[in-house]
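Visitor: Sequence:
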Amino acid sequence: LAGMARVHPRLCKLITFRRLNLLKSWPMRGQFDAIFCRNVVIYFNKETKQDLFQRFAARLPDGGHLFLGHSESMHGLNEDFDLIGRTIYRKKVS
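Taking my numbering, the leading residue of the sequence shown gets 2, the next gets one more, and so forth.
Derived by calculation from the structure, the hints in this document are not laboratory data. We put the beta carbon where it would ideally sit given N, CA and C, even for glycine. Certain hints may be false.
Okay, the calculated beta carbon distance ranges per label pair [as the list claims (entries may be wrong)]:
id : residue 1 : residue 2 : range
1  : Ala35     : His76     : 16 to 26 Å
2  : Asp83     : Tyr44     : 20 to 30 Å
3  : Leu24     : Ser74     : 15 to 25 Å
4  : Leu15     : Ile89     : 17 to 27 Å
5  : Leu12     : Arg39     : 15 to 25 Å
Derived lysine-lysine pairs resembling DSS-like cross-links, with alpha carbons at most 25 Å apart [what the hints assert, rightly or not]:
id : residue 1 : residue 2
6  : Lys47     : Lys93
7  : Lys50     : Lys93
8  : Lys47     : Lys25
9  : Lys50     : Lys25
Build the full structure now, drawing on both the sequences and the hints.
Guide: This is the structure in structure tokens:
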């Protein structure tokens with residue numbers, strides 16, 4: 002994934018970038034402060050989108066952030082998030 006993202010050098014050791022098949026079982030455990038899933042969700046049907054958004058919500062703590070692409074929206078597909086920017090969602094406090 003070299004050259005696809007720029008990260009401040011002090012943060013590099015705290016971040017892991019990996020390719021992931023969203024439709025299969027996810028190998029990671031625990032929660033994340035932020036999930037970046039840009040320009041992918043637009044290719045899935047409604048049911049798959051709902052499933053993915055539910056899975057993202059399970060991996061984010063209350064107040065965690067989900068970043069989608071400019072052509073993507075959760076509108077009418079998930080109630081776990083608030084839209085706080087054009088393509089930025091924050092997980093609601095449960």
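Visitor: Between the alpha carbons of Lys47 and Lys93, is the straight-line distance 25 Å or under?
Guide: Given pair Lys47, Lys93 holds - Cα atoms ~22 Å apart, limit 25 Å.
Visitor: Please work out if Lys50 and Lys93 have their alpha carbons no farther apart than 25 Å.
Guide: holds, 18 Å
Visitor: Is the hinted range of 16 to 26 Å satisfied by the C-beta distance from Ala35 to His76?
Guide: Given a distance of about 21 Å, which is inside 16 to 26 Å, the answer is holds.
Visitor: For Lys47 and Lys25, compute the direct alpha-carbon distance and say whether it is at most 25 Å.
Guide: holds, 17 Å
Visitor: Does the beta carbon distance between Leu15 and Ile89 stay inside 17 to 27 Å, or does it fall outside?
Guide: The hinted range 17 to 27 Å holds for Leu15 and Ile89, with Cβ atoms some 21 Å apart.
Visitor: CB of Asp83 to CB of Tyr44, is that within 20 to 30 Å?
Guide: At roughly 25 Å between Cβ atoms, Tyr44 and Asp83 fall inside 20 to 30 Å, so the hint holds.
Visitor: Can the restraint linking Lys50 and Lys25 be considered satisfied, given a maximum Cα separation of 25 Å?
Guide: holds, 14 Å
Visitor: Between Leu24 and Ser74, is the Cβ distance one that fits in 15 to 25 Å?
Guide: Distance hint for Leu24, Ser74 holds at roughly 20 Å.
Visitor: Per the hint of 15 to 25 Å, is the separation of the Cβ atoms of Leu12 and Arg39 within bounds?
Guide: At 19 Å between Cβs, range holds.
In this structure, every one of the numbered hints holds.
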